[in-house]
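These protein sequence lines are chains A and B, in that order. Mapping the first sequence onto the numbering used here, position 136 (from 1) lands on 136, and the numbers just tick up by one. Mapping the second sequence onto the numbering used here, position 171 (from 1) lands on 322, and the numbers just tick up by one.
None of these hints come from the bench; they were simulated from the model. Check before you lean on any hint, since a few could be wrong.
Derived contacts from chain A toward chain B, CB cut-off under 10 Å, selection only [stated by the list, open to error]:
#, residue
1, 5
2, 9
3, 16
4, 17
5, 19
6, 51
7, 80
8, 90
9, 92
10, 107
11, 123
12, 126
13, 129
14, 131
15, 134
For glycine and all other residues, C-beta sits at the position ideal for the given N, C-alpha and C.
So the chains spell out like this:
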Amino acid sequence: MESFIRGAGIYIVLLIILRLSGRRALSEMTAFDFVLLLIVAETTQQALLGEDFSLTNSAVLIITLVTLDIGMSLLKDAAPGMQRLLDGGPTVLISNGQLDHRAMRRARVSLGEVLEAAREAQGLERLEQIRFAILEARGTISIIPAEEQKG
Amino acid sequence: MEQIDIREDGLQLDEDRRFQEVFWTIERAAWIVFALIIALALAGFTGAGGPLAKGETQLAGAEISYPRILRWDTAETMTIRFPAGHPAELRLSPALLSAFELQNIVPAPSESRLAPDGLHLSFDTEPGDTAETATHTAPVTLALRPESAGAVRYELAIGGQAQTLTAFVMP
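When you get a sec, could you build the whole thing from the sequences and use the hints?
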């Protein structure tokens, strides 16, 4: 019983904290973000296992976590609203070359980051070459270039 | 098959800006809540140190420092300083014994006796006149490890006087 409570508790706590900390938090990781992630994992591990290092405990815990994850994905499939609530949706930052300053500020994306994504993904040099920039649900920035690039 | 409409600007994408605005607001409220949780943790509200986590009380001349907020599975100490020159006797109620695992008692009691009203412990003390300046004995330390989460009410008795103390065990 304790294994399930610990597993479900950690699952829910992590889900809430990570979702509310903003999707920019753990995507587009810097080296420090990566280390932070490792520390979070290490901290969680203690609360998950307690003092019980038995095979049974770890088996029950793994089954609990995986089952919760499957349940969550079924829930998302059944209700699109749930998907939006749990995963978030895309946010258009640049539409037809027009910057949405409010969206960028609220989503904590700087112009520099948009330009970086544009350079990385499309090899674009300037802002005016960007037609669309979309902050995707998983935190990456998709860029669609302005000019028609037909072979 | 679910339908995703093409927007006016030509993107086929389902952006719910109203929901996103609400969520951004919730996100910012959550950051404030995170800050509050940190402040509460520093104050001791989540246990493991801090002014709120420990309580002080007096009972029959003895000074008791007891944990008010504990954490499941994590031992906290209770210290009792008996008045000098009096017999050092203590009773722990059954509620305390079932809620906490008594991990150790330092010094070891010279006598322990089980009764329906709990566990009676006696400690050897020096005769009163050797400790002229001190008003209390050195502390007896009990390590209590909570067995489960939730509120615990237990009784502590010294010299025939009993006091009910409450503790909250965080999950």
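Query - Restraint satisfaction for residue 17 (chain A) [CB to CB of chain B, less than 10 Å] - result: 8 Å, holds
Requested in this report: Please verify that hint: residue 16 (chain A), Cβ, nearest Cβ of chain B, below 10 Å or not.
Outcome: Holds: closest Cβ of chain B sits about 8 Å from residue 16 (chain A), inside 10 Å.
**Report entry** Agreement of hint residue 129 (chain A) with chain B interface, Cβ distance less than 10 Å
**Finding:** This hint is violated: residue 129 (chain A) lies away from chain B, its Cβ roughly 17 Å from the closest one there, beyond 10 Å.
Query raised in the report: Should the interface hint for residue 90 (chain A) be scored as holding, given a Cβ-Cβ cut-off of 10 Å against chain B?
Result: 6 Å, holds
Report task. Have a go at the residue 126 (chain A) hint: is there a Cβ in chain B nearer than 10 Å to its own Cβ? Result -> Status violated, d = 20 Å.
Query raised in the report: Hint check: is the beta carbon of residue 51 (chain A) less than 10 Å from a beta carbon of chain B?
Result: 7 Å, holds
Query raised in the report: Under the criterion of a CB-CB separation shorter than 10 Å, is residue 80 (chain A) in contact with chain B as hinted?
Result: Interface hint status for residue 80 (chain A): holds (7 Å vs cutoff 10 Å).
Query raised in the report: Measuring from the C-beta of residue 92 (chain A) to each C-beta in chain B, is the shortest one below 10 Å?
Result: 6 Å, holds
**Report entry** When the least beta-carbon distance from residue 107 (chain A) to chain B is tested against 10 Å, hint result
**Finding:** 7 Å, holds
Requested in this report: So, residue 131 (chain A) near chain B? Judge it on the closest CB pair being under 10 Å.
Outcome: Residue 131 (chain A) check passes; min Cβ-Cβ to chain B is 9 Å, inside 10 Å.
Query raised in the report: Against chain B, is residue 9 (chain A) within 10 Å by beta-carbon distance?
Result: 7 Å, holds
**Report entry** Evaluation of the interface hint that places residue 123 (chain A) against chain B, nearest CB under 10 Å
**Finding:** With a minimum Cβ separation of about 21 Å from chain B (threshold 10 Å), the hint on residue 123 (chain A) is violated.
Taken one by one, the earlier hints fail for this structure at numbers 11, 12 and 13, listed in ascending order.
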